[in-house]
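Chemist: Chain S is already provided as a structure; the job is to place chain A on it using the hints.
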Amino acid sequence: MIKKTKKTKSGFVLVIGGGIAGIQSSLDLAESGFKVHLLEETPAIGGTMAQLDKTFPTNDCAMCVISPKLVGAGRHLNIELTTNSEIMGVSGEAGNFTVKIKKKPRYIDADKCTGCGACTLNCPVINVIYPVEKPYVKLSIEDMRKVRPILDEYQGKKGNLMPILQQVNQVFNYLPPDVLRYVSVELGIGLSEIYNIASFYNSFSLTPRGRHIIKICMGTTCYVKGGERLFNKVSDEFGIENGETTEDRRFTIESVACLGCCGLAPAIMVDDEVYGKVKVSSIMKILEKYK
Amino acid sequence: MVKIPDIKAFEKLRKKLEGEKDLNRKSICVCGGSACIATGSLGLIDLFEKELKKHGIDDEVDILVTGCHGFCEKGPLVVIRPEGIFYPLVKKENVPDIVTESVIEGKAIEALLYTDPMTDKKIVYEHDVPFYKKQKRLVLGNNGLIDPMVITDYIRVGGYKAFASVVDSMTPDKVIEMVIDSGLKGRGGGGFPTGVKWKLCKNAKGKTKNIVCNADEGDPGAYMDRSILEGNPHSVIEGMLIGGFAITASTGYIYVRTEYPLAIHRLKQAIKQAKGLGFIGKNILGTKFSFDIEIREGSGAFVCGEETSLMHSIEGLSPEPSQRPPFPTESGLWGNPTNINNVETWAVIPLIVNKGSKYFSSIGTENSKGTKIFSLVGKINNSGLVEVPMGISMGEIINGIGGGIPDGKAFKAVQTGGPSGGCIPAALMDIPVDYEKLAEVGSIMGSGGMVVMDEDTCVVDIAKYFLSFTNDESCGKCTSCRDGSKMMLNILTRISEGHGKPEDIDLLLELGEAIKDASQCGLGQTLPNPVLSTIRYFREEYNAHIVDKRCPAHVCKELVNYSIDPEACIGCGVCLKNCSVGAITGKIKEAHLIDPDKCTKCGVCREVCKFNAVIVE
Numbered sequence: 185m186i187k188k189t190k191k192t193k194s195g196f197v198l199v200i201g202g203g204i205a206g207i208q209s210s211l212d213l214a215e216s217g218f219k220v221h222l223l224e225e226t227p228a229i230g231g232t233m234a235q236l237d238k239t240f241p242t243n244d245c246a247m248c249v250i251s252p253k254l255v256g257a258g259r260h261l262n263i264e265l266t267t268n269s270e271i272m273g274v275s276g277e278a279g280n281f282t283v284k285i286k287k288k289p290r291y292i293d294a295d296k297c298t299g300c301g302a303c304t305l306n307c308p309v310i311n312v313i314y315p316v317e318k319p320y321v322k323l324s325i326e327d328m329r330k331v332r333p334i335l336d337e338y339q340g341k342k343g344n345l346m347p348i349l350q351q352v353n354q355v356f357n358y359l360p361p362d363v364l365r366y367v368s369v370e371l372g373i374g375l376s377e378i379y380n381i382a383s384f385y386n387s388f389s390l391t392p393r394g395r396h397i398i399k400i401c402m403g404t405t406c407y408v409k410g411g412e413r414l415f416n417k418v419s420d421e422f423g424i425e426n427g428e429t430t431e432d433r434r435f436t437i438e439s440v441a442c443l444g445c446c447g448l449a450p451a452i453m454v455d456d457e458v459y460g461k462v463k464v465s466s467i468m469k470i471l472e473k474y475k
Numbered sequence: 033m034v035k036i037p038d039i040k041a042f043e044k045l046r047k048k049l050e051g052e053k054d055l056n057r058k059s060i061c062v063c064g065g066s067a068c069i070a071t072g073s074l075g076l077i078d079l080f081e082k083e084l085k086k087h088g089i090d091d092e093v094d095i096l097v098t099g100c101h102g103f104c105e106k107g108p109l110v111v112i113r114p115e116g117i118f119y120p121l122v123k124k125e126n127v128p129d130i131v132t133e134s135v136i137e138g139k140a141i142e143a144l145l146y147t148d149p150m151t152d153k154k155i156v157y158e159h160d161v162p163f164y165k166k167q168k169r170l171v172l173g174n175n176g177l178i179d180p181m182v183i184t185d186y187i188r189v190g191g192y193k194a195f196a197s198v199v200d201s202m203t204p205d206k207v208i209e210m211v212i213d214s215g216l217k218g219r220g221g222g223g224f225p226t227g228v229k230w231k232l233c234k235n236a237k238g239k240t241k242n243i244v245c246n247a248d249e250g251d252p253g254a255y256m257d258r259s260i261l262e263g264n265p266h267s268v269i270e271g272m273l274i275g276g277f278a279i280t281a282s283t284g285y286i287y288v289r290t291e292y293p294l295a296i297h298r299l300k301q302a303i304k305q306a307k308g309l310g311f312i313g314k315n316i317l318g319t320k321f322s323f324d325i326e327i328r329e330g331s332g333a334f335v336c337g338e339e340t341s342l343m344h345s346i347e348g349l350s351p352e353p354s355q356r357p358p359f360p361t362e363s364g365l366w367g368n369p370t371n372i373n374n375v376e377t378w379a380v381i382p383l384i385v386n387k388g389s390k391y392f393s394s395i396g397t398e399n400s401k402g403t404k405i406f407s408l409v410g411k412i413n414n415s416g417l418v419e420v421p422m423g424i425s426m427g428e429i430i431n432g433i434g435g436g437i438p439d440g441k442a443f444k445a446v447q448t449g450g451p452s453g454g455c456i457p458a459a460l461m462d463i464p465v466d467y468e469k470l471a472e473v474g475s476i477m478g479s480g481g482m483v484v485m486d487e488d489t490c491v492v493d494i495a496k497y498f499l500s501f502t503n504d505e506s507c508g509k510c511t512s513c514r515d516g517s518k519m520m521l522n523i524l525t526r527i528s529e530g531h532g533k534p535e536d537i538d539l540l541l542e543l544g545e546a547i548k549d550a551s552q553c554g555l556g557q558t559l560p561n562p563v564l565s566t567i568r569y570f571r572e573e574y575n576a577h578i579v580d581k582r583c584p585a586h587v588c589k590e591l592v593n594y595s596i597d598p599e600a601c602i603g604c605g606v607c608l609k610n611c612s613v614g615a616i617t618g619k620i621k622e623a624h625l626i627d628p629d630k631c632t633k634c635g636v637c638r639e640v641c642k643f644n645a646v647i648v649e
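The listed protein sequences derive, respectively, from chains S and A.
185 is the number of the first residue of the first sequence in my numbering; add one for each residue after it.
33 is the number of the first residue of the second sequence in my numbering; add one for each residue after it.
Honestly, the hints are just simulated from the structure, not real lab data.
Zero decoy hints are in this set.
Short, incomplete list of chain S residues facing chain A, as computed with Cβ under 10 Å: (1) 348; (2) 349; (3) 416; (4) 458.
Some chain A residues well away from chain S (every beta-carbon gap over 12 Å; in silico): (5) 56; (6) 391; (7) 436; (8) 523; (9) 544.
C-beta atoms are modelled at their ideal positions from N, C-alpha and C, and glycine is treated no differently.
So here's chain S without its partners, still in its complex pose:
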């Protein structure tokens, strides 16, 4: 503790708070020859900056700035760290203060501790496994009714993400963002990973699709026999591009690699029904019956 020497000025400095400001002040003072006591409430110095990624305004890496200073403060002979401590009271006047400090117990011999961290890893108290609380995803009752049976069917099975996404895509006719969030939480698979897969496959849609899906075959045979002209006709007629939906949600058009009906080229598939030998002049008539 700081010695009380009446009416004489003390050469000690007390810096309160072991954040970046406290550390830098301590280092500067220590370099100028003062003995510094650095007081910190938490068990370690570093403060908020040690938790940051980048710092404003230069976007410098926070740890790159602070870590040499942390080491410097820890090793400087003129700095004495007093961590895990609180100030109880200050008295005296400028040049000669008396500070009362409450040092909380560490239950560890600080002189012998090397800070290897093995004790924290093995601590039976903090390592008790509490059930991790799932993030809450708000989902309407209707959506929940649709998605719950799908999850119940596949949960816990190996490689279940694809079948679940396929079912969701089928039931909702696309992959609604809220449902994907819910699936992510329930399966414990990151949302980014789910989006990676959802955006990879052609048959998954991230936007609502029409009541009827027109698949126009662009297989080699259909292409040679004029499949592209069919596509252009439908696309022009409804004013939508590949994968888009008409405003009234009646049709979505998709070009597909091959429907496997090469004997009937050019072929189209509306919902699950295949039409073969389709002509530019007859395609709109076929679509008329789908309302």
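Modeler: Structure of chain A alone, referenced to chain S:
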């Protein structure tokens, strides 16, 4: 259904079913393949039923909905057995006549019979149709005889016999030896010897082993896997069971693409029935062998046909290919040794076991054994599925089985192997079709797509089509594939629009070689093939686009113009009505005119004109 407890009980059931077979019983076989359903075959079935009831013979005549017969061009197909009278393109109004004349009296109706386009002769019987006559239908043969939804139909024609004999009297090593001896090579495209792959997988270290059936048939223009799954799903299941026994695997996955809803439906039904009879499950037929089969659906990504991507897709990971080695036979699904084969390969296995490896290896050429199914499509008279012995000449397939090119057009080239293959020009029509020869001429066997092209097909346009497909389907992992295909596509687009530069052809060749060398999986390594092979055989046509700024086949939009021949046009006004941009003007009974500024070259006018008055130059 009751589980079959042991092999003796299976033999008993099999003999009983075979005994029930009545060769003289009348039956109407209606094709239930996807293509025939699309042309209305299911509607015929109800009509046949009604008609039979009307005549009071619905007990004497069976109606059989079979799998794909292969002759998809002429659907819906109906065959009257036992005579084997063959009716193509059957319409609803033909049903009463067919029942009274053919079913009851056994006579053929002249007007409805098939006409051979080469000779113009009418043909009565299915086995006399040149399309079928010149094929050797070992794998597809049963498609037209059985109902794919009924397992006992399959057992009746000898199904699961091969599997029973394997679990009864053979060791896994013996089975593998048999497959190696047969000389069977993978039918998915790679052409790796199947038996050798099985051996590698069996000998690999690992507690559990898996097998996978690759039914992600992505090649545009190929649909033989779909036909097998729809027409005879049990043959694939039996092949997988034999494979599972030989490799000592515990689970099999069938990865089917989602564009094949009917195949998935029939496969599910087949698995359910096989489970019911105890062919799939624990202690199959009372032996120690246990095996389970699961279906996994793809979701429309071409790269998933690549084996490492496919496995990642099953695992629910991002389906990008990964580096080989380790090969799937060492470390596949969830790190376990995994053997992947194509649908056709699995379907051939029961045949090899039943008929012996010597029989199988006696068919085909020195290095390519057995038969191969091709989907013969495009500008050809008889398009459909053909199964032929390896080594048959290309010309025999196209002219003998395919019946030549329609409308008297000239044959130009045939494209094999899908986006990974190449074009073979008319001059090379005498080459035998096998793995080595096709590779020699710059194409590949691939999964078996054969798209025939006539003089109206532009090779630059086809090359551009394939590149835009592969560019779209590239997963994006390797720069050479992702950006290389984009660059090649840009150059081809430039050429097809008439802005090609003389050095473009050499640039394409150089770029193609670089992409081949630098890409990780099969998609990238083979994507330049369509371009390289068309340059090899049709360099002149590329030059015509680049130097003369003209498309000899009149396909490339920017290089052609539509006009109306004033002498041929009678002024009927149909083209005017159909033109969606109003580019056609003219009065009734006077020759019409096309305004080249408004014309979008969509081609509707040419399609609707009955007088061939629209000229494209």
